[in-house]
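Make the complex out of the two chains shown on their own, each in a separate frame, by following the hints.
So the protein lines, in turn, are chains A and Z. Just add 118 to the spot in the first sequence (first one is 1) and you have the numbering used here. Just add 1 to the spot in the second sequence (first one is 1) and you have the numbering used here.
Hints are supplied without guarantee of correctness; some may be wrong.
[To be verified] On the chain A side, residues computed to face chain Z include the following (Cβ under 8 Å):
{"no.": "1", "residue": "158"}
{"no.": "2", "residue": "160"}
{"no.": "3", "residue": "297"}
{"no.": "4", "residue": "326"}
{"no.": "5", "residue": "330"}
{"no.": "6", "residue": "333"}
{"no.": "7", "residue": "337"}
{"no.": "8", "residue": "341"}
{"no.": "9", "residue": "354"}
{"no.": "10", "residue": "365"}
{"no.": "11", "residue": "384"}
{"no.": "12", "residue": "388"}
{"no.": "13", "residue": "517"}
Hints are computed from structural coordinates only; laboratory data are not their basis. Nothing here was measured: the structure is a model prediction, and the numbers come from that model. Where a beta carbon is used, it is the ideal one built from N, C-alpha and C, also for glycine.
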Amino acid sequence: MKRFFAMLAALPILLAAASVAAIADDDVITLGASVQSTGSQANTGRYYVDAYKLAVDTINAKGGVKVGDKAYKLALKLYDNQSDVGLSVRQYVRLITADKVNFLLGPFASNYALDDSSVAEKYQIPMVQGGGASGQIYARGYKYIFGTLPPAGDYYASTIEMMGKLDPKPVRVALVAADDSFDVSVAKGTRAQLKSAGYELVADEKYAENNADFSSILSIIKSKAPDVILWSGHETEALNFIRQMKSLDVNPKGFYAFTVGVPTADFRKALGKDANYAFGMSSWLPEPQLADPWFGNAADFAKLYQEKYGYEPDYHAASAVADVETFAVAIANAGSLDPQKVRDAIAAVSFDSLYAHIKYGENGQIVLPQVVIQIQEDKVVPIYAADFLNKPEYPVPAWGARK
Amino acid sequence: MLLAQIIVNGLLLGGLYGLMALGMALVWGVLNIVNLAHGAFIMLGGYAVYFLFSELGIDPFLALPLAMAAMFVFGYLLQLLVLNQIVRSAMLNTLLITFGLDVVLTYLAQLLFTADFRTIAPSYAGANFTFLGVTVPGIRLAAFAVAWLLAGIMWLVLSRLPLGRAIRATAQNLTAARLYGVNPRQLYAVTFGIGAALAGASGGLYGMIGHLSPYIGVPLTAQSFVIAVIGGLDNPFSVILAGLVIGMAESLAALYLGPTYANVISFGLLVVILVLRPARALRSA
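So here's chain Z without its partners, still in its complex pose (with noise of 0.2 Å):
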């Protein structure tokens, strides 16, 4: 029945932006920097995990772990050497530096890279099964369990282990944080190396089901965005909820409106979000 396809493609589709969206959703809410480089955090992730499949011949799903340590310690060495100049100066010297990287880091992966496309394709890539009528892609299906997986984690990190409270102290109230123990510089760097290593993942996952190129970047930070602000920056679950709500919004678009206004629907929501509920917008504003 094609509306319960159609329902189901922007589920998983809307996992797999749930993940995209979390890492940028944390850097925001603890470190309130808006990453527009975000996307290139994907894509860097994207091709970890396509030369380790395709130089090394590790699987894909196994190499998600290691690109996302790569990453993390990417992202760390980042926020301490470079972002903590900015950190607490205003909105606007995050945006530029940040755009900045993004330019950068697109550039460096013209040049390491080249323009070519590469496809991280496994001999499972295109798997698939049908249930009810419905077909299902493997990999998607996949995504989207690790979306939940990753959020359950993250989720489990900020309100269990010692280093989530020291996150969300430092969140809530910076100084009294301090006077508890917590070194920001530290704190910073290790949460934006969380953030990166998210994007990580969610790049793999990407270049399985589409492809990769130094390019893809700026389409999923804008998306990403939006997913963030409708999410909320507290909670990692809602984060991947806000993913499901575009996903499915995009898909039943494409089906009673016509594909071209998938992404007036995205901004839409965004603007309607915003004009009802700006307080969870501004909190970190």
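Extracted from the complex, chain A is given alone in its bound form (with noise of 0.2 Å):
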């Protein structure tokens, strides 16, 4: 009989501990992502997560994200997929079925989000990327995946405009670009502006990822002497690239650009004195003009991260706040969590970040220009948007010629 009581004395208890946990799950909104911590994109893939963390971090410390008149605190679920896309994928799915998460971030680079964002697309829970610049990830007619980096088809857009504007202008191109989806998208779409602008193309050659030696393509880049080489790939093979030009002594007659490394500050204080005169290109730079609800400012922004992680943030942590941030508008300005009705929302976006004006295209995504960049004694420059913001370092001296 007593045992009977006690439990029965357990069950309201229970009842009220269930409700209790059920009120503080309700509170909270939890946004998953599968993200390189290790492997061989952990160098870029660790800006995504620091980034992430610093964007939730801030986001609740001033409140949180409103939804109807109720305050919600954001959550991360992160996992790491060792730089592995299979396996980043099966996380995805895990995130979704087992983890239940409510809304998608994405992981760093042009294959994985090509491959993650399909399961956001099957299970139809919204995936707000911004690792991935391929055409490909938006060309599939996929509603619930958006991109907050620029399409790797223009990358080279501003570049080539800049070009037309040098003197002397440059009129032999070289392009190299690796084979994966990301680079092959930024050879395709420079090759199509170069020949629209009336370049010509002396040399077009192509490498597999994770090549080490670039003697070969050196040698016959510098057979042809062009005046310009547009590179294209990942940060690891920028960096071989450069030092095997210096020591194969081949020096383009105008300028070489790449599409990463260079805003990068591990990749220029790796190659030190060697990094100099390389042109990038940056989708952002750390501005105070860049005003965010949440930080203050990019230059701020930039501050509090160096701060906190003890490495300057780039374009791609700067991509990544801009991810957790449209999350937070677009379900306050949607008043749900609803997928379908976030979704919607996020499509109808409109917002200042410290990343840029956060706007997704038709397709989902995001149209900016890329910020030409040159690296003079050891720091960023921007030279070119629409105008020359500096003078450029032009022609570029030789290897032999450089003090």
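Below, the structure is given as structure tokens:
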């Protein structure tokens, strides 16, 4: 008899506990992502992990996200995909089916985003990703994928525009691109733009990803005497390319440019003086003019990030923050956590953030121009965006002629 | 002239490849261990030279012997304490254990050194000279010379020194070698240590030409494997020659077929050689 009453007494306590737990869960919006924390892409993957955390913490500190008249906190559920695309896909399925996260953030790199976005589309959970720029991601008519990196095919648009205004005007262009999703998109777009601008493509070389040796490509390029070398690949390879350019004494008469690496601090640190004169691009620079509802402005964000993590942020980090902010704004606008309603809200969103003005195109991808930058005396200098911002060091001196 | 440049590129690249494969071939030939962690040893040797250069200011070429000594001790202890347990068991066990070792070493490196890229960049890193219209990068030429030098030293050790005779005897017939007083555990440890030291040297040179990160190991293990098979496991010079063959093949393939075919050529050559001369590859298996 005593046992029965004891159990009866326990019942309301259990019910109360269950409902408290339920309320606690209700106050949290969970964003899930599978990012490269280890493996060959870890070098860039960490920008995403660190930026997601900083964004979530900062938004929560400023009151979280208001849905109707209730305030919610953001939470993160992150997995390490070990730089393995297959694992990344499985982890996204797990995030949706087992962990039951509310919404999805993206990985780094286009070939991951390409496959991971299919998971989001299948389960109809919106994903906002800031790591993949390839046009292939947005060419499938998917409704649940949005991205804050501008189209890969347009990466060199500002550079090509700038080339038309340089004196002496370059004529012969060499293009080198890796064979993964992002770089194939860059090369395709760049080839078309070079052709319509009337440049002579004297070399068009493709190389396998994770290749460390460029001696053959460099020798072939050198034999064609180009004015400009446009290069597309990932950071690891950009580093090797520059070092080997120097040791094989390859000197384009005008300049050489990279799609990645140049804006990133540890790339410049690893190369030291050899990084000087290199052209690159960034969809973001930490300017105080970029105002943000949570961070103040981009310059403040950069300072905060550097203090917290001990290294400078670059456009990867800013892009990742913009993704978290997109959800905060869209969820508040939708006034609901229903995936369909939030998806529609994201498609309609338009707000200023430390990254840029956030507005997604018809296909889900943001449209932003790349700013052409150059490393001058170990510093990143913005050179061109619609017009010259600073004087470029052009033509770039030959390796042997540098101090 | 482009062809001459491509050929020179291939030869110089091949020299470094050959050096990388030398350690693997030695260990495979004597211990019958296919060391899947070989690339990780190359990576560790590279980091050793990097830290000696960046923290202590020792010139990388002078740091090479120091790094080699450190890697020798590391390899010696690893064999004595861990790998000796499975050295005469099935090939599968050695593959499993060295594979696990590769994963452990890679992720330890990630924890200790982070995924940041490192480059070994002494002031002369980009130096080059031009000879008959061909640009020769200085470091690659030095790596080529070091490869032949180390192969020569190994050849001397194997053919003239008592240690070398003991190594060759053990590889040929363990029982007979033991009858002559060879202590296999010690000998295996010394041999593995030498293999690790050679890997370490190639890592230091690799760091001067490319870059270092915890993840550079796997493709280098694959490359070394191919070259070790093609070069055979008996003669150090033939391993270097095999490296030259692969280096040349990749360079010429890049020129005539396209740079994306480099791996197709290496592994294609491996398949061809295995089909035509299986005896050589199966000798030690």
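Do the numbers back the hint for residue 341 of chain A, that is, is its least Cβ distance to chain Z under 8 Å? Cβ of residue 341 of chain A sits 4 Å from chain Z, so the hint holds.
Just to be careful: measuring from the Cβ of residue 160 of chain A to every Cβ in chain Z, is the smallest value less than 8 Å? Hint holds; residue 160 of chain A Cβ to chain Z Cβ min 4 Å, cut 8 Å.
Chain Z contact restraint for residue 354 of chain A - C-beta distance below 8 Å: Hint on residue 354 of chain A: holds, closest Cβ of chain Z at ~7 Å, below 8 Å.
Given residue 388 of chain A as an interface hint, is its Cβ closer than 8 Å to any Cβ of chain Z? With Cβ-Cβ at 5 Å, under 8 Å, it holds.
Interface restraint verdict for residue 384 of chain A against chain Z (beta-carbon cut-off 8 Å): holds (5 Å)
Would the hint on residue 158 of chain A stand, with a C-beta cut-off of 8 Å toward chain Z? holds (4 Å)
Regarding the hint that residue 517 of chain A lies at the interface with chain Z, is the smallest CB-CB distance below 8 Å? holds (6 Å)
Please verify that hint: residue 326 of chain A, Cβ, nearest Cβ of chain Z, below 8 Å or not. holds (5 Å)
Hint check, residue 330 of chain A versus chain Z [nearest Cβ-Cβ separation less than 8 Å]: Residue 330 of chain A check passes; min Cβ-Cβ to chain Z is 5 Å, inside 8 Å.
Checking hints one by one. Is residue 337 of chain A an interface residue toward chain Z, by the C-beta closer than 8 Å rule? Holds, about 5 Å.
Proposed interface contact between residue 333 of chain A and chain Z, which counts if any beta carbon pair is under 8 Å: For residue 333 of chain A, the interface hint holds, since the closest Cβ of chain Z sits about 4 Å away, which is under 8 Å.
Against chain Z, run the beta carbon of residue 365 of chain A and see if the smallest gap drops under 8 Å. With a closest approach of 4 Å, the residue 365 of chain A hint holds.
Hint compliance for this structure: no hint is broken.
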